[in-house]
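S.K.: Single-letter residue listing:
There are 2 protein chains.
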Amino acid sequence: MSSPALDVALAYYKAWSNKNLDEALSYFADDFVSRTPEGRMDAAAYRPFLGGFLEILKKADLVAAFGDENTALMYYDAETLPVPYSPVGEWFRVENGKIVESRIVFDNFTLQGAGAIAKVS
Amino acid sequence: MSSPALDVALAYYKAWSNKNLDEALSYFADDFVSRTPEGRMDAAAYRPFLGGFLEILKKADLVAAFGDENTALMYYDAETLPVPYSPVGEWFRVENGKIVESRIVFDNFTLQGAGAIAKVS
Numbered sequence: 075m076s077s078p079a080l081d082v083a084l085a086y087y088k089a090w091s092n093k094n095l096d097e098a099l100s101y102f103a104d105d106f107v108s109r110t111p112e113g114r115m116d117a118a119a120y121r122p123f124l125g126g127f128l129e130i131l132k133k134a135d136l137v138a139a140f141g142d143e144n145t146a147l148m149y150y151d152a153e154t155l156p157v158p159y160s161p162v163g164e165w166f167r168v169e170n171g172k173i174v175e176s177r178i179v180f181d182n183f184t185l186q187g188a189g190a191i192a193k194v195s
Numbered sequence: 075m076s077s078p079a080l081d082v083a084l085a086y087y088k089a090w091s092n093k094n095l096d097e098a099l100s101y102f103a104d105d106f107v108s109r110t111p112e113g114r115m116d117a118a119a120y121r122p123f124l125g126g127f128l129e130i131l132k133k134a135d136l137v138a139a140f141g142d143e144n145t146a147l148m149y150y151d152a153e154t155l156p157v158p159y160s161p162v163g164e165w166f167r168v169e170n171g172k173i174v175e176s177r178i179v180f181d182n183f184t185l186q187g188a189g190a191i192a193k194v195s
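Protein sequences, first through last, are from chains V and E. Per my numbering, the first sequence starts with residue 75, numbered consecutively. Per my numbering, the second sequence starts with residue 75, numbered consecutively.
Chain V extracted, bound-state conformation (with noise of 0.2 Å):
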């Protein structure tokens, strides 16, 4: 059940939780690419994306992690200051070590509800 996908994007779920952005970024390959509530992100864009994250992380919490060769899957709950219950379903693709494409889903309504990202456009 070993899953070289899921080492990869399980350690970067451990860099951002432990509010490492440098090193969490480190494992994006230079043609990352991330489908996200707020639209599609390259490397350069996700940065202040996380980034903004981070700043009102408190904690992540690991539902269930899975993976195989070349993908991974997470849920997770992140607590954050305004929002106490913020689950996350992120999906991985991998290859050569790199994560080269995700997605991710949260609730941006009870983000947004409290005020905690800014608005879309």
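Derived from the structure by calculation, the hints contain no laboratory data. Do not rely on the hints blindly, as some may be mistaken.
If you want the ones that stay clear, here's a sample from chain V, every Cβ over 10 Å from chain E, calculated [unchecked claim]:
id	residue
1	VAL82
2	ALA85
3	LYS88
4	ALA89
5	LYS93
6	ASP104
7	ASP105
8	MET115
9	ASP116
10	ALA117
11	TYR120
12	PRO122
13	PRO158
14	VAL174
Short derived list, chain E residues pointing at chain V, Cβ under 10 Å [what the hints assert, rightly or not]:
id	residue
15	ALA138
16	ALA139
17	PHE140
18	MET148
19	ASN182
All figures in this text were calculated on a predicted structure; none of them were measured in a lab. Even for Gly, the Cβ is constructed at its ideal location relative to N, Cα and C.
Start from chain V and add chain E according to the hints.
M.R.: Frame of chain V, contents of chain E only:
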């Protein structure tokens, strides 16, 4: 890599994605409970929640699905009448062939912004 829990979760997924609400709900244990963006729900509360979603659902595309003995995790893209792209993360705990617990995350902001579902109180 066989997963009894994922088999049940995928049968549930197949049922609702084919708009078979009764069959879908038949996979829930009597003491089923779910943690959703609209609060905790038992099976009785989940029926109108899922039923309302099926009324706007055009199709669902599975992005990833994993499982082990007792848990399963999915990520899928829902295409709804008001919102073409609405990803969902869903986690399941299964006992004796029935779903006893689930957690689901989707972006209420997008759906509510589109007027797709009732505002949470």
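S.K.: Could you run down the list of hints and mark each one as holding or not?
M.R.: Now for the hints, and whether the structure bears them out:
The beta carbon of VAL82(V) is kept farther than 10 Å from every beta carbon of chain E, the shortest such distance being approximately 15 Å. For ALA85(V), the non-interface assignment is confirmed: its Cβ lies about 18 Å from the closest Cβ of chain E, beyond the 10 Å cut-off. For LYS88(V), the shortest C-beta to C-beta distance to chain E comes to about 19 Å, beyond the 10 Å cut-off, and the non-interface label holds. Every beta carbon of chain E lies more than 10 Å from that of ALA89(V), the smallest distance being close to 21 Å; the non-interface claim holds.
The claim that LYS93(V) lies off the interface holds: its Cβ sits roughly 22 Å from the closest Cβ of chain E, which is beyond the 10 Å cut-off. Against the 10 Å criterion, ASP104(V) stays outside the reach of chain E, whose nearest CB is about 23 Å from its own CB. Consistency note on ASP105(V): stated as away from chain E, and its beta-carbon is indeed over 10 Å from all of that chain's, at 19 Å minimum. Interface exclusion of MET115(V) from chain E stands, the closest Cβ pair being 14 Å apart, more than 10 Å.
For ASP116(V), the requirement that its beta carbon stay farther than 10 Å from each beta carbon of chain E is met, with the minimum near 18 Å. Non-interface call for ALA117(V) relative to chain E: holds, since the shortest CB-CB distance, roughly 20 Å, exceeds 10 Å. The claim that TYR120(V) lies off the interface holds: its Cβ sits roughly 17 Å from the closest Cβ of chain E, which is beyond the 10 Å cut-off. No beta-carbon of chain E comes within 10 Å of the beta-carbon of PRO122(V); the shortest separation is about 19 Å.
Distance check on PRO158(V): its Cβ is at least 13 Å (rounded) from any Cβ of chain E, clearing the 10 Å threshold; non-interface status holds. Residue-level check passed: VAL174(V) sits 15 Å from the nearest beta carbon of chain E, beyond 10 Å. At about 5 Å, the closest approach between the beta carbon of ALA138(E) and any beta carbon in chain V falls short of 10 Å, and the interface hint on this residue holds. Nearest Cβ of chain V to the Cβ of ALA139(E): about 8 Å, under the 10 Å cut. The hint holds.
Contact between PHE140(E) and chain V, as hinted, is supported at the beta carbon level, the nearest pair being about 3 Å apart and thus within 10 Å. Hint status for MET148(E): holds, given a least beta-carbon distance of 8 Å to chain V, under 10 Å. For ASN182(E), the shortest C-beta to C-beta distance to chain V is roughly 4 Å, which falls under 10 Å, so the interface hint holds.
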